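All chains, full assembly: derive it from the sequences and hints.
Residues are numbered in our numbering as their position in the sequence shown, beginning at 1, plus a constant of 78.
Incorrect hints may appear among the rest.
Claimed, not checked - Think about it this way: if two alpha-carbon atoms lie no more than 16 Å apart in a straight line, the pair counts; the simulated EDC-like pairs of lysine to aspartate or glutamate are:
1. Lys244 - Asp230
2. Lys179 - Asp131
3. Lys350 - Glu327
4. Lys322 - Glu161
5. Lys183 - Glu89
6. Lys262 - Glu89
7. Lys262 - Glu216
8. Lys262 - Asp103
9. Lys117 - Asp230
10. Lys158 - Asp103
11. Lys322 - Asp103
12. Lys244 - Asp174
13. Lys260 - Glu219
14. Lys260 - Glu118
15. Lys158 - Asp257
16. Lys179 - Glu193
17. Lys244 - Asp257
18. Lys179 - Glu89
19. Lys183 - Glu193
20. Lys322 - Asp312
21. Lys117 - Asp312
22. Lys158 - Glu216
23. Lys260 - Asp121
24. Lys350 - Glu325
25. Lys183 - Asp199
26. Lys262 - Asp174
Stated by the list, open to error - DEER-style ranges, computed between Cβ atoms:
27. Val332 - Asp298: 32 to 42 Å
28. Glu234 - Gln91: 20 to 30 Å
29. Gly203 - Ala333: 25 to 35 Å
30. Arg280 - Lys244: 35 to 45 Å
31. Gly175 - Phe200: 36 to 46 Å
32. Pro348 - Pro242: 36 to 46 Å
33. Lys158 - Lys244: 35 to 45 Å
34. Ala333 - Glu234: 37 to 47 Å
35. Thr341 - Glu234: 37 to 47 Å
36. Ala238 - Gly132: 14 to 24 Å
Calculated from the structure, these hints are not laboratory results. Bear in mind that the values here come from a model prediction, so they are computed numbers and not experimental data. Backbone N, C-alpha and C define an ideal beta-carbon position, used for all residues, glycine too.
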Amino acid sequence: MSGAGPAQAGERQLLYYNHAWGTYDRATADAVEHSSYLKEFADFEVRTTTGADGRSWTGRYLRGHLGYMEVFGPGDVPGKDGEPGGAGLALSTDHDGDVEKLQAKLTAAGSNPIEFTQTRDFGDGVHVPWFDALFLHESYERFGTWAMEYRDEYLEDPRARVGPPKFRGDVSRERYLPDTYKRKLMRDITFLQFAVTGSDLRDTMPFLRVGGFSVRTEGDSVVASRGGTTLRFDEVPAARTGLKRVEFELNRPVARHVEQLGTSTLVVGPGKRAVWTF
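Right, here's the structure in full:
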């Protein structure tokens with residue numbers, strides 16, 4: 079993959095791993111949803127969310143300290159995203175105003191970012207501004223990447239249950255996510271492996287480069303790391319796409335445990351590491 083390279087020395091990172099999602103077969107999604115083990119493993123929730131334009135989705139969420147993941151089944155999210163093999167990646171800022179800096183850098187690098195504001199309806203019909211997002215294209219094949227920055231209106235809404243800022247302009251993942259992870263095994267997500275088409279991978283590269291990740295190529299794959307999470311993108315045909323592997327750091331060492339969740343397998347331990355393959 080041409081155009082990949084390491085982040086410039088001393089360059090401040092603008093984007094960090096926020097969350098990723100994957101859509102799987104119904105048996106896997108149902109197994110995840112009803113797993114008693116996952117409720118002990120992670121800060122786990124099944125939630126239906128209504129966003130902008132009344133669009134809604136039902137996800138199974140596993141939240142950590144600085145990032146989280148979502149599992150969908152067929153039709154749980156609108157359109158082609160609700161088809162098995164669909165996946166997505168959100169990269170976010172930690173400092174208020176960095177999304178504007180990112181937009182300027184993307185434009186200078188030859189991209190034409192598309193702005194979007196996502197909202198959330200807490201159930202009263204009022205759409206609260208949730209986060210500002212940047213997309214590089216209006217459509218994608220099977221995998222989409224976007225950049226985002228949380229809005230003050232959401233962070234300050236008591237229904238969001240977000241903590242107070244720890245520094246001026248704090249729109250960080252640490253502020254946004256609850257501290258429930260401290261009482262669970264899962265601390266954070268350290269590695270994700272995506273199988274994506276060549277077109278979707280090319281569309282992802284500007285976010286990685288301009289966002290400040292260190293990027294290298296390994297054959298037909300791209301590996302991006304920095305900020306505590308490593309992202310691997312393997313170029314594949316459209317029929318083989320999806321979120322394929324997630325690795326976790328645990329809060330404490332444990333003995334080995336294997337949990338079969340539909341067609342996926344979660345191996346926890348030994349030690350302070352877990353691996354979920356799909």
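Verification of the supplied hints:
1. Annotation: proposed proximity of Lys244 to Asp230 holds, straight-line Cα distance about 14 Å (limit 16 Å).
2. Note on Lys179 and Asp131: the hinted pairing is violated, with a Cα-Cα distance of about 27 Å set against a maximum of 16 Å.
3. Note on Lys350 and Glu327: the hinted pairing holds, with a Cα-Cα distance of about 6 Å set against a maximum of 16 Å.
4. Our distance criterion of 16 Å between C-alpha atoms is met by Lys322 and Glu161, whose separation comes to about 15 Å.
5. Restraint check for Lys183 and Glu89: the C-alpha separation of about 13 Å stays at or below 16 Å, so the hint holds.
6. A C-alpha spacing of about 34 Å is found between Lys262 and Glu89, which places the hinted pair above 16 Å, so the restraint is violated.
7. For the proposed pair Lys262 and Glu216, the alpha carbon gap of about 38 Å is over 16 Å, so the pair is violated.
8. Proximity of Lys262 to Asp103 is assessed by CA-CA distance (about 27 Å); at most 16 Å being required, the pair is judged violated.
9. For a cut-off of 16 Å, the pair hint linking Lys117 to Asp230 is broken: about 30 Å separates their Cα positions.
10. Annotation: proposed proximity of Lys158 to Asp103 holds, straight-line Cα distance about 14 Å (limit 16 Å).
11. Distance check on the hinted pair: Lys322 and Asp103 sit about 13 Å apart at the alpha-carbon level, within 16 Å; holds.
12. Between Lys244 and Asp174 the alpha-carbon distance is near 13 Å, which keeps this suggested pair within the 16 Å criterion.
13. Simply put, Lys260 and Glu219 have alpha-carbon atoms about 37 Å apart, too far for the 16 Å limit, and the pair is violated.
14. Among the hinted pairs, Lys260 with Glu118 is consistent with the structure: their alpha-carbon atoms are about 11 Å apart, no more than 16 Å.
15. For the proposed pair Lys158 and Asp257, the alpha carbon gap of about 33 Å is over 16 Å, so the pair is violated.
16. Taking the CA atoms of Lys179 and Glu193, the gap is about 13 Å. The hint holds against a cut of 16 Å.
17. About 14 Å separates the Cα atoms of Lys244 and Asp257, which keeps this hinted pair within 16 Å; it holds.
18. Proximity of Lys179 to Glu89 is assessed by CA-CA distance (about 13 Å); at most 16 Å being required, the pair is judged to hold.
19. Only pairs whose Cα atoms come within 16 Å are accepted, and Lys183 paired with Glu193 is accepted, the gap being roughly 14 Å.
20. Restraint check: the Cα-Cα separation between Lys322 and Asp312 comes to about 10 Å, which is no more than 16 Å; the hinted pair holds.
21. A distance of roughly 31 Å separates the Cα atoms of Lys117 and Asp312; the hinted pair therefore is violated under the 16 Å criterion.
22. Distance hint between Lys158 and Glu216 is fulfilled; the C-alpha atoms sit about 14 Å from each other, no more than 16 Å.
23. For the hint pairing Lys260 with Asp121, the CA-to-CA distance comes to about 9 Å; that is within 16 Å, so the pair holds.
24. Taking the CA atoms of Lys350 and Glu325, the gap is near 11 Å; set against the 16 Å cutoff, the hint holds.
25. For the hint linking Lys183 to Asp199, the alpha-carbon distance of about 32 Å lies beyond 16 Å, and the restraint is violated.
26. For the proposed pair Lys262 and Asp174, the alpha carbon gap of about 30 Å is over 16 Å, so the pair is violated.
27. In this structure the supplied range 32 to 42 Å holds for Val332 paired with Asp298, their Cβ-Cβ distance being about 35 Å.
28. Judged by the Cβ atoms, the range 20 to 30 Å given for Glu234 and Gln91 holds: they are separated by roughly 25 Å.
29. Under the hint 25 to 35 Å, the C-beta atoms of Gly203 and Ala333, about 49 Å apart, miss the expected range.
30. Our hint of 35 to 45 Å for Arg280 and Lys244 holds, since their Cβ atoms are close to 37 Å apart.
31. Range check, Gly175 to Phe200: Cβ separation about 26 Å, and the 36 to 46 Å hint is violated.
32. A hinted range of 36 to 46 Å holds for the C-beta pair Pro348 and Pro242, which are about 38 Å apart.
33. Look at Lys158 against Lys244: about 39 Å separates their beta carbons, and that is inside 35 to 45 Å.
34. Between Ala333 and Glu234 the beta carbons are some 43 Å apart, a value that agrees with the proposed interval 37 to 47 Å.
35. Under the hint 37 to 47 Å, the C-beta atoms of Thr341 and Glu234, about 42 Å apart, fit the expected range.
36. The hinted range of 14 to 24 Å is satisfied by Ala238 and Gly132, whose Cβ atoms lie roughly 20 Å apart.
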